[in-house]
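Engineer: Chains as they are written, first to last, in my numbering: chain A, 1 to 456; chain B, 1 to 456.
Simulated from the structure, these hints should not be mistaken for lab results. Some hints here could point you the wrong way.
The list treats identical chains as interchangeable, and a pair is accepted whether it falls inside one copy or across any two copies.
Capping the alpha-carbon separation at 20 Å, the derived lysine to any residue pairs in SDA-like fashion look like this [unchecked claim]:
id, residue 1, residue 2
1, 377, 389
2, 377, 387
3, 26, 157
4, 307, 234
5, 332, 71
6, 27, 164
7, 26, 158
8, 235, 124
If you want the building blocks of each chain, they are given just below.
There are 2 protein chains.
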Amino acid sequence: MRRISFLVILSTFVSFAQSEDEAMLKKIYDFSLTDSKCYSWLDDLSNKIGHRLSGSTGAAKGVLYTKAELEALGLDRVFLQDVMVPMWVRGKKETGLIIDGETKSIVQVCALGGSVATDKSGLLAEVIEVKSIDELKSLGEDKVKGKIVFYNRPMEPTNIEAFTSYGRCVDQRFYGAMEASKLGAVGTIVRSMNLRLDDFPHTGAQSYGDLPKEKYIPTAAISTNGAELLSKKLKINPKLQFLLRMYCQTFDDVLSHNVIGEIKGSEHPEKIMIVGGHLDSWDLADGSQDDGAGCVQGMAVLETFKKLNYKPKNTIRVVLFMNEENGGRGGKKYEELSKQNNENHIFALESDSGGFTPRGFSFECDENNYSKVLSWKSLFEPYLIHSFVKGHTGSDINPLTSKKMVKVGLKPDSQRYFDYHHAANDTFDGVNKRELELGAATMTSIIYLFDKYGID
Amino acid sequence: MRRISFLVILSTFVSFAQSEDEAMLKKIYDFSLTDSKCYSWLDDLSNKIGHRLSGSTGAAKGVLYTKAELEALGLDRVFLQDVMVPMWVRGKKETGLIIDGETKSIVQVCALGGSVATDKSGLLAEVIEVKSIDELKSLGEDKVKGKIVFYNRPMEPTNIEAFTSYGRCVDQRFYGAMEASKLGAVGTIVRSMNLRLDDFPHTGAQSYGDLPKEKYIPTAAISTNGAELLSKKLKINPKLQFLLRMYCQTFDDVLSHNVIGEIKGSEHPEKIMIVGGHLDSWDLADGSQDDGAGCVQGMAVLETFKKLNYKPKNTIRVVLFMNEENGGRGGKKYEELSKQNNENHIFALESDSGGFTPRGFSFECDENNYSKVLSWKSLFEPYLIHSFVKGHTGSDINPLTSKKMVKVGLKPDSQRYFDYHHAANDTFDGVNKRELELGAATMTSIIYLFDKYGID
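Make the full structure from the sequences, and use the hints.
Structural biologist: Structure representation (structure tokens):
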């Protein structure tokens with residue numbers, strides 16, 4: 001009898017908590033879909049400021065703008081962290097030309113981040129097409145020397161998550177130039193990381209690794225349509241030539257900043273939960289999806305708590321990291337300062353997969369905390385949030401190494417992401433207001449739950 | 001002991017069936033994401049043929065094109081069903097003008113389907129704004145007579161499914177003119193069924209009901225930006241006037257067709273499972289989302305079975321219905337002929353919610369069949385198909401009334417749908433190839449499962 005009463009009381013308590021959480025999530029989603037500023041913040045970042053490549057005036061303006069907007073929210077603390085970032089500048093629009101006897105075909109190319117330029121007259125050479133770095137190595141120096149290496153392995157269309165296909169292709173872009181240079185290549189062209197056929201070249205990070213500077217070779221992305229054309233023409237005439245002209249330059253590192261705002265925890269101010277994205281973007285467009293969306297969603301989490309008058313138990317911090325795209329310096333600096341200041345991070349959530357309809361989260365955490373998340377699944381069902389998986393969470397929060405912490409990545413629908421990623425069409429009009437807001441609400445909701453129930 | 005062996009055999013059998021189904025779904029998704037023609041069919045329908053409003057040359061071309069493409073698939077039977085459809089023609093682009101003293105502001109308007117035209121000089125009248133038909137009725141004839149009624153209830157942003165918000169707003173568009181006319185109004189303007197603020201007016205069906213023809217009044221949609229402006233100006237000057245010019249005309253009904261292709265069932269040829277969408281569209285754009293997408297996805301189901309050499313047990317039929325938008329005549333004719341021919345329909349699936357990333361299905365069926373569906377949930381998990389709910393399935397399959405049948409609606413992500421619905425921007429570039437293909441694969445998969453395991 002006593003046991004039954006206890007169970008009744010327990011189940012009453014559980015269902016009360018459940019309905020309190022249901023009500024809170026409803027408030028969060030309602031606020032996000034009606035009153036959040038996140039879409040107008042993104043409008044400003046994209047259309048008033050524009051691209052925010054590390055070291056650019058756009059990046060500097062982005063720092064000032066987001067700091068001012070966070071201050072206007074009336075947070076407990078808004079501050080900047082100094083971070084030295086690389087400064088790479090594209091210069092004039094690049095030229096790519098297939099020269100096949102008398103026939104010249106223009107193709108869309110762009111320098112990869114950190115690449116060296118070509119000579120002013122351009123780089124003219126024969127082309128050797130490969131599908132992978134392994135294939136390149138198997139060809140050996142004889143067949144590669146003096147040529148432009150053309151990496152043309154497409155993203156696999158059959159993976160349901162587009163990020164899986166990206167992960168299986170991006171080695172061509174990141175290591176391609178370094179590996180080709182070791183075999184005497186004079187340049188590389190990499191098929192854009194894009195699942196569709198179009199005319200946008202997609203830039204992105206690449207690394208020369210430990211190569212001495214004199215071995216750095218120009219490396220460019222080519223649009224998927226350009227890659228298809230080049231490959232077709234090479235089958236007919238393997239001796240055709242490619243002319244590449246690029247004007248990029250690397251300058252000395254410059255001072256930039258992570259932007260941080262926080263609400264102090266009411267019970268455990270020393271326990272820190274962070275949320276955010278990266279404020280820098282590539283330079284070909286506004287970076288609305290990558291990662292303006294993640295920044296304004298992170299800001300919206302704190303906005304929502306303030307406007308709903310919710311006092312978190314733990315300190316909630318939005319961090320807008322600088323330099324994710326070509327160096328990751330902001331994330332590393334954040335971790336370095338966190339160690340210096342003996343800060344106790346218990347939770348980190350990054351949104352860096354675009355502002356599309358949210359589908360769920362990825363988690364890096366222990367089984368206890370993961371079970372806790374799974375017990376919240378039904379709370380998310382009304383919002384069509386259904387995917388709770390283990391996996392990579394975010395580049396900027398990756399350096400945080402506290403063992404007891406929970407790391408989370410927002411998982412939006414991934415099908416359209418690589419249509420825009422690092423390309424000239426990553427502009428504001430590609431982001432749907434509701435999809436962005438739903439993402440912000442989803443992030444706020446999981447932070448509310450972890451703040452309330454704690455990290456195991 | 002015997003019991004254990006039996007369980008072992010049973011569980012081996014179940015897991016064999018499960019893995020066979022897993023393998024088949026993988027084949028279906030792989031085929032759809034690599035080799036299906038559905039995206040190029042949509043390209044042709046949208047870019048070579050264009051809009052397909054009932055009675056238009058586009059609709060006639062759409063019939064011939066899809067019939068020819070179905071024939072090229074080598075189906076067992078491809079045929080047309082005659083159906084008489086209304087023919088309403090918009091004529092020249094409409095004009096909407098707010099006349100506020102000396103200030104004239106152009107706003108974007110378009111006639112609603114079936115509306116009568118204004119006089120050549122246009123309709124000029126004062127405007128009365130209401131949020132609902134109920135509010136209109138409460139105002140009474142005195143306040144409405146001689147005026148243009150402006151219905152301005154926005155779609156609610158807080159519903160997660162955009163279709164819920166549509167359902168709660170669309171009475172203004174469908175019945176608005178009829179109800180206003182009863183109270184002596186001279187015209188109506190309806191806020192576009194659109195969740196965002198933009199300059200596209202969204203057309204759609206409306207009905208004068210049983211009104212005598214002399215009581216028909218011109219009715220137009222106004223863009224959401226236009227509605228906001230008009231509402232603001234009315235607050236300042238309730239006496240402002242609105243000038244509406246529309247040139248639309250209704251002609252006699254004309255002959256058109258449903259387009260049908262089928263694969264005969266290997267075991268139960270008399271049992272018919274249908275899949276499809278509607279071939280007609282509104283006239284302001286190509287109708288790529290509404291419902292070119294559903295048509296080519298339906299065609300892709302049969303394409304996939306043929307190309308994978310899967311022989312369905314039941315007869316699988318794709319039906320491209322004519323005249324869903326302004327009459328629903330195709331769906332009614334299909335049901336009428338089905339009764340005449342004593343056909344036995346056991347299943348119908350409609351895709352008419354856009355070509356966006358599929359999230360799941362809605363069902364109209366009994367509990368037995370619904371339980372069956374739920375037992376297949378895990379098969380769909382790898383494809384991120386998670387929503388299996390009861391609810392409205394499709395307008396074209398609605399007339400089918402066999403009690404023992406299962407009706408299904410494809411549920412794609414709904415957030416962007418009303419950005420395009422019935423508006424001039426419902427064009428091919430709004431459809432993502434992968435999202436369209438994933439929808440086709442999802443439809444093919446559930447038909448494969450119901451074909452294999454039968455309808456209870």
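Engineer: Does each hint fit the structure? Answer for all of them.
Structural biologist: Going through the hints against the structure:
no. : hint      : in the structure
1   : 377 - 389 : both (12 Å within a copy, 17 Å between copies)
2   : 377 - 387 : both (9 Å within a copy, 14 Å between copies)
3   : 26 - 157  : between (37 Å within a copy, 13 Å between copies)
4   : 307 - 234 : neither (60 Å within a copy, 31 Å between copies)
5   : 332 - 71  : neither (25 Å within a copy, 61 Å between copies)
6   : 27 - 164  : between (34 Å within a copy, 19 Å between copies)
7   : 26 - 158  : between (36 Å within a copy, 9 Å between copies)
8   : 235 - 124 : within (19 Å within a copy, 67 Å between copies)
Of the numbered hints given earlier, the model fails hints 4 and 5; all others are met.
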